[in-house]
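Novice: Each chain, written out:
There are 2 protein chains.
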Amino acid sequence: MKKMIIASTSTVHGSSYLEYLLPTLKTHFNGVKQLLFIPYARPSGISYDDYTTTAKNAFSTINIDVKGIHEFENAKEAIQDSEGIFTGGGNTFELVNQLYKNDVLSTLKQVLDNGTPYLGTSAGSNICGLNMKNTNDMPIVYPPSFTTLGCIPFNINAHYLDPIEGSTHMGETRETRIKEFHVFNEAAVLGLREGSWLEVVDEAVFLRGKLTARLFEQNKQPIELKSGGLIEF
Amino acid sequence: MKKMIIASTSTVHGSSYLEYLLPTLKTHFNGVKQLLFIPYARPSGISYDDYTTTAKNAFSTINIDVKGIHEFENAKEAIQDSEGIFTGGGNTFELVNQLYKNDVLSTLKQVLDNGTPYLGTSAGSNICGLNMKNTNDMPIVYPPSFTTLGCIPFNINAHYLDPIEGSTHMGETRETRIKEFHVFNEAAVLGLREGSWLEVVDEAVFLRGKLTARLFEQNKQPIELKSGGLIEF
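Chains as they are written, first to last, in the numbering used here: chain C, 817 to 1049; chain L, 817 to 1049.
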């Protein structure tokens, strides 16, 4: 009985950390007193402690305490015993690297599959898919594998960006990058724009937020999915 | 006696493939009749044949023939016997993956260190650095290692982009990504804007083109390097 929120970003432009999600999180984590925070992705390279404080401050406004996974002696047990889990954004390569180094990927999958409520933002959302091959992040470290949780049967491209009209930059658009992915991989990819999130209820996945999301399947034209709808293919 | 051109991009906005570099390439590859082309990076997933044709068409205007490495029976020998080598852009992960799979990385390094004239653009430039950890590309395949040629003693960030003023997008800027790299890595990184290239003459590296380039060193403020100057740190 999965119960997950998989968000494109922690922060939408012009509002504070997690602010746009707090009403949703209040319901989602109803009854949870202490949340386990996984700070491994270290945005801008900040320390685990500083990152955990950021999460703690946001969740204090809905009366939920936050403790970082690094504050526990045994990371696996921390995951097994947790009432709820939040993996923050940052660098997906380093996040996945640390999940492997701390040998917690399979434990995390187990508790999420069994219903421990979860929040992922950005890198913390990328890891919910089959693998991390659609991250936008820079490969600053070499993880032992790109395989991730596979709690949903497709991949996430967080912070999805539409091609910028009139841009003179010659770097690949996001759509081109995902098309290149499909030359080598079969998995579907969902481009989640900032402000969008997925709500996973057992095996059902719903698109939430105001925006549409862009679904890329191998050998098919990409399509826009409506908010509120079930994601099926 | 290295002799390399390491370009940020193959194409600048508003001109055709390699057009802005052709006068330089005419001198650089002076005396070369046939260039060996490495099409492994497959931009937009195009075939090796199609990609080689693109390179062939551009070089025909300066009377140089082009043959793809995939057209040779033995890739290592093709590299050893070549008069000049061009590695095109595309996806750096797949490029590095194929360099390892075809076991040609060390051979390529050897001939470049010994003076076979080289052109790299974009992904083909990223591989000239110590490792590919500053690519902007999507990790669509998992290469056996991120270690690359190390023909220059630093890393390249091709298609370097300055932060976009007034952007509402919450994804990391290029500068933030490189700062995250320096939390885990010591290597200096040169942000090469589109239209810039490096000229490597033995151990000397000069910045060419009209623009400045941005040098990032660990625990230092980034600085702008002037075109024409020697790159030292």
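A hint or two may mislead.
If chains are identical, the list can't say which one is meant, so a pair holds when it fits in one copy or spans any two.
Unchecked claim - 27 Å max Cα-Cα, derived DSS-like pairs, lysine-lysine:
(1) K818 x K995
(2) K1036 x K818
(3) K917 x K995
(4) K872 x K925
I should point out that these hints are in silico values taken from the structure, not numbers from a laboratory.
Novice: Give the relationship of K917 and K995 under a CA distance limit of 27 Å: within one copy only, between copies only, both, or neither.
Specialist: This pair counts as between: shortest inter-copy Cα distance 23 Å, intra-copy 31 Å.
Novice: Reference check for the pair K872 and K925, CA-CA at most 27 Å: within, between, both, or neither?
Specialist: Classified as within; 23 Å inside a copy, 49 Å across copies.
Novice: Give the relationship of K1036 and K818 under a CA distance limit of 27 Å: within one copy only, between copies only, both, or neither.
Specialist: neither (29 Å within a copy, 46 Å between copies)
Novice: If the cutoff is 27 Å on CA atoms, where do K818 and K995 land: within, between, both or neither? Let me know, please.
Specialist: Neither: 30 Å inside a chain and 36 Å across chains, both beyond 27 Å.
Consistency with the previously given hints fails for numbers 1, 2, ordered from lowest to highest.
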